[in-house]
Amino acid sequence: MSFLTPLYLLGALGLAIPIILHLLHDRPKNKQPFGSLMFLDKTSPPVDRKRRPTHLLLLLLRCLALLLLAFVFARPFVAVDNPADAARRDRQWVTVLLDRSASMQRGDLWARAKAKVQSALGRLGPGDQFSLIAFDDATASLAEVKSWVGSASEAEVNDRLERLAKPGFGGSNLGQALVSVGEAIQETQSEADEQPFAKREIIVVSDLQKGGSHLDEVQGYEWPAGVTVTLEQIAEDDQGNAGIEQVASGAPWITAGAAPSFRISNSPSGIGDELEFLAHTTAGETFSQKVHVPPGRSRVVELPGDWVGKPVERLAIRGDAAAFDNQFHFAPVRRQTVRIVYVGDDKPNDAEGSLFYLANAFQPSSSLDFQVEAVSGRSSGPLPEADLFVIGDAVDDSLAQALGQAIEGGVTALMVVRSPSQAANLGQWLGADGVVIRDVTSSDFALLDVKLPDDPLLAVFRDARYSDFTNLHFWNYRELQNLPDDGIDVLARFDSGAPAWLAARRGRLLLMASGWTPADSQLALSTKFIPLLYSILRPVLDEKTQSRQFVVGSKVDVSQFNNGQAGGGVTVLPPGDGSTVIPVDTIFTPAAPGLYTANGSGWSETFAVNLPPAESRTEPVRMDQFKKLGLPMSAPAAAPAVIEAAKKTETHRLEYWQWALAAVLLFVTLETVLAAKGSRSAEPVTT
Amino acid sequence: MEIRSLSLRARAVVEGFMSGLHRSPRTGFSTEFTEYRQYSPGDDVRFLDWKVMARTDREFIKKFEDETNLRCTFLVDFSRSMEFGGDEAGVKKSDYARTFAASLAWFLTQQRDAIGLATFDRDVREFIPPRYRQDQLKTILGRLETQPAGNATDLCQSLEKFAALVGKRGMIVLVSDFLSPLDELERCLSLFTAAGHDVRAVQVLHPREVDFNYEAAAIFEDMESGQNLILDPGMAREAYRQKMTAHNDALDAMFSAQGIPGFRVTTAEPLERVLRRFLEERPARAVVRQRRSNGRAAA
Numbered sequence: 001m002s003f004l005t006p007l008y009l010l011g012a013l014g015l016a017i018p019i020i021l022h023l024l025h026d027r028p029k030n031k032q033p034f035g036s037l038m039f040l041d042k043t044s045p046p047v048d049r050k051r052r053p054t055h056l057l058l059l060l061l062r063c064l065a066l067l068l069l070a071f072v073f074a075r076p077f078v079a080v081d082n083p084a085d086a087a088r089r090d091r092q093w094v095t096v097l098l099d100r101s102a103s104m105q106r107g108d109l110w111a112r113a114k115a116k117v118q119s120a121l122g123r124l125g126p127g128d129q130f131s132l133i134a135f136d137d138a139t140a141s142l143a144e145v146k147s148w149v150g151s152a153s154e155a156e157v158n159d160r161l162e163r164l165a166k167p168g169f170g171g172s173n174l175g176q177a178l179v180s181v182g183e184a185i186q187e188t189q190s191e192a193d194e195q196p197f198a199k200r201e202i203i204v205v206s207d208l209q210k211g212g213s214h215l216d217e218v219q220g221y222e223w224p225a226g227v228t229v230t231l232e233q234i235a236e237d238d239q240g241n242a243g244i245e246q247v248a249s250g251a252p253w254i255t256a257g258a259a260p261s262f263r264i265s266n267s268p269s270g271i272g273d274e275l276e277f278l279a280h281t282t283a284g285e286t287f288s289q290k291v292h293v294p295p296g297r298s299r300v301v302e303l304p305g306d307w308v309g310k311p312v313e314r315l316a317i318r319g320d321a322a323a324f325d326n327q328f329h330f331a332p333v334r335r336q337t338v339r340i341v342y343v344g345d346d347k348p349n350d351a352e353g354s355l356f357y358l359a360n361a362f363q364p365s366s367s368l369d370f371q372v373e374a375v376s377g378r379s380s381g382p383l384p385e386a387d388l389f390v391i392g393d394a395v396d397d398s399l400a401q402a403l404g405q406a407i408e409g410g411v412t413a414l415m416v417v418r419s420p421s422q423a424a425n426l427g428q429w430l431g432a433d434g435v436v437i438r439d440v441t442s443s444d445f446a447l448l449d450v451k452l453p454d455d456p457l458l459a460v461f462r463d464a465r466y467s468d469f470t471n472l473h474f475w476n477y478r479e480l481q482n483l484p485d486d487g488i489d490v491l492a493r494f495d496s497g498a499p500a501w502l503a504a505r506r507g508r509l510l511l512m513a514s515g516w517t518p519a520d521s522q523l524a525l526s527t528k529f530i531p532l533l534y535s536i537l538r539p540v541l542d543e544k545t546q547s548r549q550f551v552v553g554s555k556v557d558v559s560q561f562n563n564g565q566a567g568g569g570v571t572v573l574p575p576g577d578g579s580t581v582i583p584v585d586t587i588f589t590p591a592a593p594g595l596y597t598a599n600g601s602g603w604s605e606t607f608a609v610n611l612p613p614a615e616s617r618t619e620p621v622r623m624d625q626f627k628k629l630g631l632p633m634s635a636p637a638a639a640p641a642v643i644e645a646a647k648k649t650e651t652h653r654l655e656y657w658q659w660a661l662a663a664v665l666l667f668v669t670l671e672t673v674l675a676a677k678g679s680r681s682a683e684p685v686t687t
Numbered sequence: 001m002e003i004r005s006l007s008l009r010a011r012a013v014v015e016g017f018m019s020g021l022h023r024s025p026r027t028g029f030s031t032e033f034t035e036y037r038q039y040s041p042g043d044d045v046r047f048l049d050w051k052v053m054a055r056t057d058r059e060f061i062k063k064f065e066d067e068t069n070l071r072c073t074f075l076v077d078f079s080r081s082m083e084f085g086g087d088e089a090g091v092k093k094s095d096y097a098r099t100f101a102a103s104l105a106w107f108l109t110q111q112r113d114a115i116g117l118a119t120f121d122r123d124v125r126e127f128i129p130p131r132y133r134q135d136q137l138k139t140i141l142g143r144l145e146t147q148p149a150g151n152a153t154d155l156c157q158s159l160e161k162f163a164a165l166v167g168k169r170g171m172i173v174l175v176s177d178f179l180s181p182l183d184e185l186e187r188c189l190s191l192f193t194a195a196g197h198d199v200r201a202v203q204v205l206h207p208r209e210v211d212f213n214y215e216a217a218a219i220f221e222d223m224e225s226g227q228n229l230i231l232d233p234g235m236a237r238e239a240y241r242q243k244m245t246a247h248n249d250a251l252d253a254m255f256s257a258q259g260i261p262g263f264r265v266t267t268a269e270p271l272e273r274v275l276r277r278f279l280e281e282r283p284a285r286a287v288v289r290q291r292r293s294n295g296r297a298a299a
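Chains as they are written, first to last, in the numbering used here: chain A, 1 to 687; chain B, 1 to 299.
Simulated from the structure, these hints should not be mistaken for lab results.
Quick reminder that beta carbons are idealized off the backbone N, C-alpha and C, glycines included.
Treat each hint with caution, since some may be false.
[Claimed, not checked] Think about it this way: if two alpha-carbon atoms lie no more than 30 Å apart in a straight line, the pair counts; the simulated DSS-like pairs of lysine-lysine are:
hint, chain 1, residue 1, chain 2, residue 2
1, B, K51, B, K63
2, B, K92, B, K243
3, B, K168, B, K63
4, A, K42, A, K31
5, B, K243, A, K42
6, A, K555, A, K210
7, B, K92, A, K31
8, B, K92, A, K29
9, A, K31, B, K243
10, A, K116, A, K199
11, A, K42, B, K92
12, A, K290, A, K210
13, A, K29, B, K243
14, A, K116, A, K210
[Claimed, not checked] Going by beta-carbon spacing under 8 Å, a handful of chain B positions derived as facing chain A:
hint, residue
15, F84
16, Y214
17, A217
[Stated by the list, open to error] Just so you have them, the derived chain A footprint on chain B, three or more residues with Cβ under 8 Å:
hint, region
18, 225-232
19, 241-248
Can you make the complete structure from the sequences, with help from the hints?
Okay, here's the thing in structure tokens:
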């Protein structure tokens with residue numbers, strides 16, 4: 001038996017009072033008037049021997065009553081796990097959200113996190129529901145106990161917890177995890193024969209790092225009633241961290257031959273400002289240089305010139321407090337080829353022709369190599385393969401047919417209508433008869449009126465800074481007549497109302513009613529030209545320019561490897577000894593950082609997987625921010641031992657103090673009866 | 001105290017006593033010579049003793065004993081402490097004291113003496129100057145029969161006040177329990193003895209006040225102050241008796257020093273015997289006084 005408030009047992013010392021009073025004597029009842037008390041001194045009351053037996057019984061009752069009162073106030077309980085008591089207790093549902101993101105690899109955070117989970121188990125009583133959910137970028141249920149049965153359930157949960165030997169390498173999307181748990185609680189309905197939950201508590205065991213927590217997802221979320229969130233922060237002693245990530249890896253505008261850049265960031269609580277930047281090559285060489293990054297700042301470092309060209313497979317930083325994110329796996333970008341076929345008779349060097357501007361618009365970059373090829377419209381040869389056809393002239397039937405098939409097959413084609421002779425081709429590709437093209441020569445110039453700014457093709461101009469087309473003048477344009485009503489979107493019109501840029505939904509055929517040569521317009525020389533062409537080519541570029549840099553948990557589309565022609569039977573070889581080969585259909589989700597190799601039939605490509613860059617931002621979120629986000633925070637928790645004691649013994653404690661109180665009342669009643677009887681039987685004092 | 005009427009009680013007590021002769025303490029113009037005094041101018045020449053003057057050639061004034069009746073004033077304690085008693089051990093002290101005073105008054109009235117009464121507790125409450133009248137006794141008995149209203153006793157203050165009220169010299173019979181501090185009492189009593197009053201003190205005590213003969217423990221309540229004291233009589237008895245004896249001894253010493261005859265009676269004593277003792281004491285005192293006077297005159 002234990003006592004919740006054992007200090008009250010000191011009240012039993014009050015037993016001394018009745019004992020002393022009984023040892024002395026009780027106060028005489030009779031009064032004796034006397035002439036003068038001037039000769040009398042106070043004497044101690046004597047013991048009345050005749051009344052001692054009655055007094056002993058009274059004394060016993062009084063002592064027992066006092067003892068029981070002290071007992072009641074001390075709140076006795078017996079800590080027993082009795083499942084039968086569960087029905088009488090308030091059920092609670094405790095959900096523990098355990099952070100297993102990469103940042104939990106720091107120091108002893110993982111051991112501390114597990115200890116926190118185990119202390120949370122101590123709060124559970126029989127009948128409670130318990131959920132253990134691990135989260136990083138996604139949530140995963142580790143253990144689910146519908147009705148807690150004490151030590152058996154605890155062993156089961158501990159077993160599941162032990163299986164999770166160490167944290168993963170993912171990010172820490174706390175916001176999403178919280179919302180998903182909240183939704184799960186909201187959707188769960190208590191069964192009819194179950195006692196409803198009096199309390200639903202979410203205990204977050206995490207380092208509560210700022211990076212990647214996505215707490216904005218919690219903002220505005222309406223929490224179910226009765227849910228409280230307890231934050232158990234385990235990295236309050238954050239010593240700062242430095243991280244490395246690649247800047248704009250694989251962006252198409254990075255010129256060919258440019259050295260890759262890396263951003264090295266140091267958290268505000270970083271321990272130093274001098275970091276070492278290292279590069280490891282496949283040949284085992286290691287290069288290093290000092291990088292000065294003050295705490296709270298970041299710095300972009302270009303790979304030094306003498307490192308470029310070396311087979312660098314891994315970059316690293318050194319000099320910060322936590323090492324879990326100091327490695328950066330690097331897969332060199334493999335240049336992809338984009339083939340553009342110009343159908344027309346323009347000379348490549350003719351500044352009056354369209355090809356000249358087209359060829360100059362596509363410059364090779366670090367990841368893309370553009371091959372611009374010209375084919376005459378009257379060519380009888382086969383149509384070369386291309387990612388983009390630009391048709392700038394009338395095309396013969398055979399070629400037109402091949403082009404039509406290519407367009408039907410999904411190849412992007414841009415038809416620049418430059419002469420009425422293209423009407424037949426246009427009618428053929430659009431599947432419409434009677435299309436007429438009429439030259440329009442403006443006496444002044446025509447302006448462009450963008451009609452569908454939300455079209456993906458023109459989305460690049462949506463920003464107000466780029467949406468001004470008034471400086472773009474069109475001297476000559478063609479008016480397309482008898483176009484079919486359906487299947488064609490007019491993206492832009494000339495100020496005369498004639499369609500200027502059109503998109504046919506059949507395949508991906510784009511029409512421009514005016515060329516970009518200086519004879520037709522200012523388009524080729526305007527700032528709109530190159531963005532427009534890249535915008536036309538975007539679907540192709542999106543396929544071709546897939547980065548070889550991924551983060552843990554991201555979806556790697558293996559079908560885009562090998563220049564978008566991966567084919568079937570792709571396998572992925574994870575980093576390590578090469579013994580494991582993972583067959584992948586389309587999407588592969590890496591779980592650990594490292595250099596992976598994707599193998600297809602006749603091709604092999606390496607891609608790198610790194611930690612999410614946000615994981616490097618380990619400084620904790622300020623606790624007041626959680627309150628601002630409307631999180632139903634629980635009050636500061638009492639000591640787990642107290643909670644455990646209170647929880648386990650609630651029903652027993654109630655029973656005990658009630659019985660003890662009843663006994664007190666019984667004793668007091670008996671004492672009253674006996675005392676009254678004793679006073680009646682006592683002889684009156686006579687003088 | 002089976003007779004309820006105070007007058008009947010007094011009469012019953014007095015019956016059987018012979019009337020006595022009282023001497024007046026004042027000298028006056030009567031036939032009985034008391035002493036000579038040297039003539040001084042202003043004295044009435046009628047009282048010159050011509051024979052002595054002729055014989056010795058000195059002028060002496062003859063002084064005679066006053067033959068007026070005795071002037072007796074009863075000073076009776078009416079405080080609450082006098083209400084103690086009234087049990088099988090003895091009557092109430094107040095009843096005893098009043099009966100004593102009434103008996104003596106009756107007796108003196110029979111002797112044609114002037115009687116007066118003063119009652120006191122903290123102060124003098126009633127004062128009936130001594131007279132010899134037809135209804136004086138009745139008035140005094142009536143006053144004695146009233147119930148006391150006072151609380152505490154202040155004997156000395158009452159005596160001081162009474163000294164201012166009382167006129168001619170006479171007998172003063174002080175009836176009290178004298179259960180109060182004696183610090184100032186001697187000085188106050190000396191006011192009367194110095195003025196030539198014949199003071200007699202009767203201390204009335206209840207037998208339980210003397211021997212403190214109680215058995216069971218009780219809350220003892222002071223009848224004057226209302227103060228309570230829980231005590232066991234067996235344990236307190238010895239100390240009480242010692243203090244009471246010491247108090248009485250101090251009182252006796254005080255009376256003796258002032259030449260005051262003191263009578264200590266308990267309410268268990270028969271009143272007739274007490275009255276006889278009281279009356280027997282007076283001639284003896286008178287003889288002593290007479291001898292002193294004669295002695296001085298002879299000188």
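Outcome of the hint check:
1. B:K51 <-> B:K63: holds, 14 Å
2. B:K92 <-> B:K243: Holds. K92 of chain B to K243 of chain B sits at ~22 Å (cutoff 30 Å).
3. B:K168 <-> B:K63: Given that 30 Å is the threshold and the Cα spacing comes to 18 Å, the pair holds.
4. A:K42 <-> A:K31: Given that 30 Å is the threshold and the Cα spacing comes to 15 Å, the pair holds.
5. B:K243 <-> A:K42: holds, 14 Å
6. A:K555 <-> A:K210: holds, 24 Å
7. B:K92 <-> A:K31: Distance ~18 Å between K92 of chain B and K31 of chain A Cα, so the pair holds.
8. B:K92 <-> A:K29: Status holds; Cα separation ~24 Å.
9. A:K31 <-> B:K243: holds, 23 Å
10. A:K116 <-> A:K199: At roughly 20 Å apart (the allowed maximum being 30 Å), K199 of chain A and K116 of chain A satisfy the hint.
11. A:K42 <-> B:K92: Holds, at roughly 26 Å.
12. A:K290 <-> A:K210: holds, 27 Å
13. A:K29 <-> B:K243: holds, 27 Å
14. A:K116 <-> A:K210: holds, 21 Å
15. F84: Interface hint status for F84 of chain B: holds (4 Å vs cutoff 8 Å).
16. Y214: holds, 5 Å
17. A217: Hint on A217 of chain B: holds, closest Cβ of chain A at ~5 Å, below 8 Å.
18. 225-232: It holds, with 7 qualifying residues against the three required.
19. 241-248: holds (count 3)
Every hint from the earlier list agrees with this structure, and none is contradicted.
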